[in-house]
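Chemist: Chain residues, written in single-letter form:
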Amino acid sequence: MKAKHQRLVLVVIALLALIGAGLLAAWALRNQASYYYFPSQIVVENPPADRLVRLGGMVQEGSIETLADGVTVAFVVGDGEATVPVRFSGILPDLFVEGSGVVADGRYQPDGTFLAENMLAKHDENYVPREFQDMDEHQARDVIAETVEGS
Amino acid sequence: MIAEVGLVALWLAAALAFAQFVCGALALREQGREVGQLTRPSAIIQGLLLAISFATLLYIFAITDLSVKLVASNSHIDKPMVFKIAGAWGNHEGSMLLWVTVMVLAGALIAWLERRLPERTMQATLSAQGFVALGFYAFLLFSSNPFERLPTPAQEGLGLNPLLQDIGLAFHPPTLYVGYVGLSVAFSFVVGALVTRQVTPDFARAMRPWVLAAWVALTLGITAGSYWAYYELGWGGYWFWDPVENASLMPWLAATALLHSVSVLASRDALRTWTVMLGVVAFSMSMLGTFLVRSGVLTSVHAFAVDPERGAFILALLCINIGGALVLFALRAGSVAEGERFAATSRESALVFNNVMLSAILGVVLLGTLYPLLAEAFDSRVSVGPPYFNPVGAVFTFPMLAIMAIGPLLRWRRDKPARIWKPMALVAAIALAVLVVTLVQVEIAILPLLGLAFSIALAIASLLPLRGRKLRRVALTTWGMVLAHLGIAVALFGMASESAFSSEKLAALSVGESVVVGEWIVTLEGVEPTAGPNWTALEARLSASYGEGQSSIVRPQARNFYDPSQATTESALLTRWNGQLYAVLGNASEDGRWQVRLWWKPFVTMIFYGGLLVALGGFLAMIGHLLAHVRQRNIRHQSALRRGLEPAQ
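As you go down the protein sequences, you meet chains L and X in turn. Taking the working numbering, the leading residue of the first sequence gets 31, the next gets one more, and so forth. Taking the working numbering, the leading residue of the second sequence gets 814, the next gets one more, and so forth.
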């Protein structure tokens, strides 16, 4: 094989691999487009319970309660239009309070509750996640900050 | 007064960087030969000036000079000394100054030591380096001046984010910066070589130690960052696919590819264009990383400076540097393309394959990281997380691991498949056996299962190059490769084991109550208040025993910092040879029980030991190449002396 041909073969292989990677990534990302939900979206779209999704919203005032087992917390997350009851078994992130913003990874149950597996926690007052920038000012002020995957 | 010294040094250095750029550029013309000689001294003096400037910053943080804005807003008089000093780079301005300091010191080192390249290529390289530095000087002086004074001095300072008050994190950013900056040096070499059309094995050999150093530093930085996230954030995870983490992973992937292709260029004179291209890509990734971290365009768990103006500045730098380099590349690619040929079965081929796979993984991570930005342009909100990165990344990672096992056994240029057939069949058989045994023993997801099988196979395969050789006579560079590959296998084993076999228990315990997690029995002995220099905490005393063994005490804390007021959870870790017990203390419930979260993570420490092993491998390879270079120079020197000639420089 001539040097030129060899180079051509290499370039073609590299291009094919990269295009393949791009297509695969694009396809996977399309599926991910429904990864992040606000309460008003999740109640309409009902993602199946076997899919891990992320729910973001504000914790309703007066809704946090610890269940009898001492480790499960129930609360309601809303976005002004709809609300979703959430259950989370775990250690709550630092500074998780009523009226604050919250982001939770988990699964949406057929009965309309959200079973959170991980919660994103507030760590710093100076930082507002982009997910919350459209909320009104009062909410945005309290919104969770530098979010860290908490548990 | 002392802060102004730092600022003046910075301005002088910026002026020198400009001179270095102009002189280097002029030297490309015949008439400019003499001004070109000014590039080396100006790079060296710049290094000294920046050392002074950074020392000034350290000093004003050490004495907590509260008339300086940066100190007042990021430090506190009551802070422990080590965190006062680390506070110097635990913020935007300080970390940018650190970045430029490391970069300019690296430039000074090249100017002082590097004699392998033709003088004109060297001058073009330094000129490019001056140009890149100039952008960062402008950034510092016009938009992020670390030495800015306050109209009236502050009283005690605002403090440093408590999460950053951790010894691991204090030294993690400087390590990453050395990595980023090492890639900027590689970039300058590439530009220099393109300008003078000298993309030669000599160029690759001159660039290689810098790529290796950058790669080692990035490896260490990523490992340290991952360990920090693991024990400090209290969620027990070591990788989150967060944009800031990806920002360090992407340059690492590019640097890994570059490292391998530079080796091919240095020893076989092939893959010239590809190496040059990767040099540009690797530095683009480190600048893109800086942009993502600094601009706050992406939601991130640890982005800490959200400022659109700064983001725009870095984006502009990114476009100028990378755009310029790509234009240059397009103009010159044709004239540097020819290189040595190699057969389909050869070590070169394996390295090409590895390069392509690394690039594909890089593309996957890049798309996933930027996708939320793209989606937002079309008015939709997306977070891209592990459900995307893990499976899509794995599609390219596993083939790469397979080739990683085979590549080192192949000969350069041309090899017979029959020669490596037997060892490979053995390794594959072992992998298959692990796969079957694991599958029969436990219920396990596909990725961890493959991870276990591949890690054991790769561990064995990576030791094969040592077989039948006297270990003491194996070259340092070979040891480096073997250890780095082994390190990847070890880390992979840790990851697979952690995700397959971890057990977790969440409990509300009264004092005296016990709970079982994995092989462990853990008892809550009590919860007491305790205090540190700038925090108070509740500390749980948990006694933990593994099976029938002796019990040990672990003490997780829930800390409250003051100035700034903030709560953190301090996890407690108990390390055994076969894994770690991880304990976090939560809130008390109304009936006096305490929430405790426990994990038993088998072999989780392997992830971090693996990272260290990879870095050690890179370090040995770097030393090996430098020693070989010195030895060669001595031989040439001696033989010149013997022939009665003047020894050449």
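Everything labelled a hint here was simulated from the structure, so no lab data went into it. Heads up, the beta-carbon is just placed ideally off N, CA and C, and yes, glycines get one too. Among the clues, some could well be false.
[What the hints assert, rightly or not] According to the in silico footprint, chain X covers these stretches of chain L (three or more CB under 8 Å from chain X):
1. 39-52
2. 104-112
[What the hints assert, rightly or not] Going by beta-carbon spacing under 7 Å, a handful of chain L positions derived as facing chain X:
3. Leu59
4. Tyr65
5. Tyr66
6. Ser70
7. Val73
8. Pro78
9. Leu82
10. Arg84
11. Ser119
12. Gly120
13. Ile121
14. Gly136
Chemist: Identify every previously stated hint that the structure contradicts and give their numbers, smallest first.
Modeler: 2, 6, 7, 8 and 14
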